[in-house]
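Participant: Residues per chain are reported as follows:
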Amino acid sequence: MTPTTKDALREFSDNLKAVPRRVMETAFRTGPPTTDRTRSTFVFGNVFLHLHAVRTHRWSLKWTTTMGLGIMSVSAFLIALVTGVMLMFYYKPYPEAAYESIKDIHFVVPTGRLIRNLHRWSANLMVVAVILHMARAFYTAAYRKPREYNWLMGIGLLVVTLGLSFTGYLLPWDQLAYWAITIGANIAQSPREITDALGITDYFDPGGFQRLLLLGSDMVGAEALIRFYLLHVMILPLALAALMGVHFWRIRKDGGMVRPADADDQLFRQPREEALPIFTEAPAKTYHLAAIVRGRTSNVGRGPENTVPSMPHLFYAELGVLMVTLLVCLALSLVSDAPLKELANPSVPENPAKAPWYFLGLQEMVAFSAFMGGIGIPSIVLIGLALIPYLDRETEGTGRWFGGPGGWPLVRLSIVLGLAAPILIESFVIRFGWLREWFPSVPQLVITMLNPGTLLTAVYAFFSMWCIRRYGSTRAGALALFTCFLCGFLVLTIVGTYFRGPNWVFYWSPSEWPKH
Amino acid sequence: MTTQAKAPRSRLDPEPVPRRDWLGLSSLWAMTGALLFGLLGLLKLPKAAVLASPSKKFKVSLPDVLPVGEAFVPPGRAVAIYKDSGGIYAVSTICTHLGCVVKANAEGFECPCHGSRFSANGDVTKGPAPRALPWLKVSVSGGAVTIDEGVVVPQGTKVA
Ligand code: HEM
Ligand code: FES
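Going down the list, the protein sequences come from chains A and B. For what it's worth, the numbering used here labels the leading residue of the first sequence as 3, then goes sequentially. For what it's worth, the numbering used here labels the leading residue of the second sequence as 2, then goes sequentially.
Be a bit skeptical, because a hint or two may be false.
[As the list claims (entries may be wrong)] Below, a list of computed lysine-lysine pairs in the PhoX-like style, where the Cα atoms sit at most 25 Å apart: (1) B/Lys127 x A/Lys94; (2) A/Lys343 x A/Lys94; (3) A/Lys356 x B/Lys48.
[Unchecked claim] Partial list, computed: chain A residues near chain B (C-beta under 10 Å): (4) Lys94; (5) Glu98; (6) Gly186; (7) Phe211; (8) Leu215; (9) Met221; (10) Ala265; (11) Gln268; (12) Val350; (13) Pro351; (14) Ala355; (15) Gln365; (16) Glu428; (17) Ser429; (18) Glu439.
[What the hints assert, rightly or not] Covered by chain A, per the in silico footprint, the following chain B stretches (three or more residues, Cβ under 8 Å): (19) 28-39; (20) 117-131.
To be clear, the hints were calculated from the coordinates, so they are not data collected in a lab. Glycine included, each C-beta is placed from N, C-alpha and C at the ideal position.
For reference, chain A alone in the conformation it holds in the complex:
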């Protein structure tokens, strides 16, 4: 049968009309996600989506389980990534040009100011989200078996996130940037305080090496700028992306979000609309793959399921968080501009020279001694965080907010102590001074090591030990210590941000700062 010319033309025009629909259909390789089976293939047949499991437990979708903080961190990162690439069109990483190019972006480039603001605000939001997300994972005891390793990946992500903000801070090459980085690089050099005191700096100088590695020179100049630029736009984002990949993959392989042992019972008490058994149209061969997958195949052989298809339930929730994050960033960007001070001037320090806000707690400690405040205590905190899942191997309270011995009452007590201790220590130090004011000839090594922050850490550690004994549980000690450090971070950051003025002197408000 040969079609007539007329038929062929009609078919052509029909095909033409059908193009949009066909493109949509062919995009979904396995058909539109409308049935259980195609919703599954929609997830595992897609490069990007298959980091997710095909089905999601209803406990994971409860708002109180994650508060969406992990997704908020990713969303903020994505916003920073896109706006950052846009900024790269105009930014020039050379000392003579950097400041001018930022000024151009801010004042000349169409929508440049909005993009720059979005970049700043999403970066700030990311730091907040990551810290809160870590707190969420901690308080729900989500770091326990089998998620220990993913907690470590999380710490890596925290460090890289802070590194990204720190390296980005130098790029505008204004006064704020220049002096914050000078201080940062010298903190990297501060192990010299120890090697100097021991008299071995000439042979063994890790501090000097770190500073040289960071700056590529013995001053903050063109080499430093290009290094920070490379770290900021290339090395650290790649590292972050790699770590994120592992982080997400492990979430899936570790069985999704942590949930209490009795999560199913708790959910059953609520009305269930959609608790169908998995795979209502079960394919014939589900279990062949299960033979070679090691570890738990969590869904095999269970009774009625409390899971729903990830498409659309999980993905729409994730998209929702992304949109909220974007909205918050946009709103902040419209009302508040990213700062830009005068051009960097190496002979006149910005006064006060303040780092980004989340480092001001550190700066507050550094103002007493550089090594302990800038390297010693942060290292202790990071090592402590990394050890949590390996020391707390209990099971009570997993997946429940403030779960474990002590629970919320212990956390409440820790908040009181965690806030009171740094406030008292700070007030004392601000009123009466510190070691050198009382004993002018005290050896430098004592000043280096005995930071008010050291005292604070000791108080916290002591309290935590007491909790371990009192409740007979490591988790109780961890709850106390983590809460205390979070509170200490808060107090020191607020003091550093709002109550320190020129010469790092205490002022009740910036309006009292002397005019110069």
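With chain A fixed as given, assemble chain B with the ligands onto it according to the hints.
Facilitator: Chain B with the ligands alone, transformed into the frame defined by chain A:
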């Protein structure tokens, strides 16, 4: 290597390393070793053989009258130059704490960043700075005064 009774193995759990693979393995390790060795050399990359920084040595012309105890700071340099009956001397004004530039005042120096104070000869009197401000090498030939920021001299070294 010890020989063990052959345990029955399944296809999913094969013998870990067949012995005849040693050639392959040793070449793999040789390559890994070579790469590590090369990497070790590459570690030097971030440290330039010559640091790109402006000359540390510079000439200054002091004002005709420089009262005792008053600092002369050459523009753009972090050095305070003094003149008294003992001669000319120069004190670095880079804070030994975290590198801010200190300001000379009547008692000595004060740092704007974390409030370190130094006496007139550079010793720490207050705050977190771990070391005294270093004195720098001064040389006078004819009328010209040259300062070398790269060379530290003992406190009290004055050049007539
Ligand atoms: C750039 C930084 C980070 C990103 C983008 C990120 C992302 C995520 C996401 C999307 C989840 C899924 C659940 C949720 O939304 O809460 C998650 C879970 C988790 N994250 Fe992170 N995270 C980051 C940093 C951290 C940090 C700093 C820690 C802790 C040190 C951490 C520890 C965990 C743990 C233990 C889980 C599993 C929680 C559970 O099973 O309930 N993550 N992360
Ligand atoms: S840099 Fe001078 S006191 Fe910190």
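Participant: Of the numbered hints stated previously, which ones are contradicted by the structure, given in increasing order?
Facilitator: Going through the list in order, the structure violates hints 1, 3, 4, 5, 10, 11, 16, 17, 19 and respects the others.
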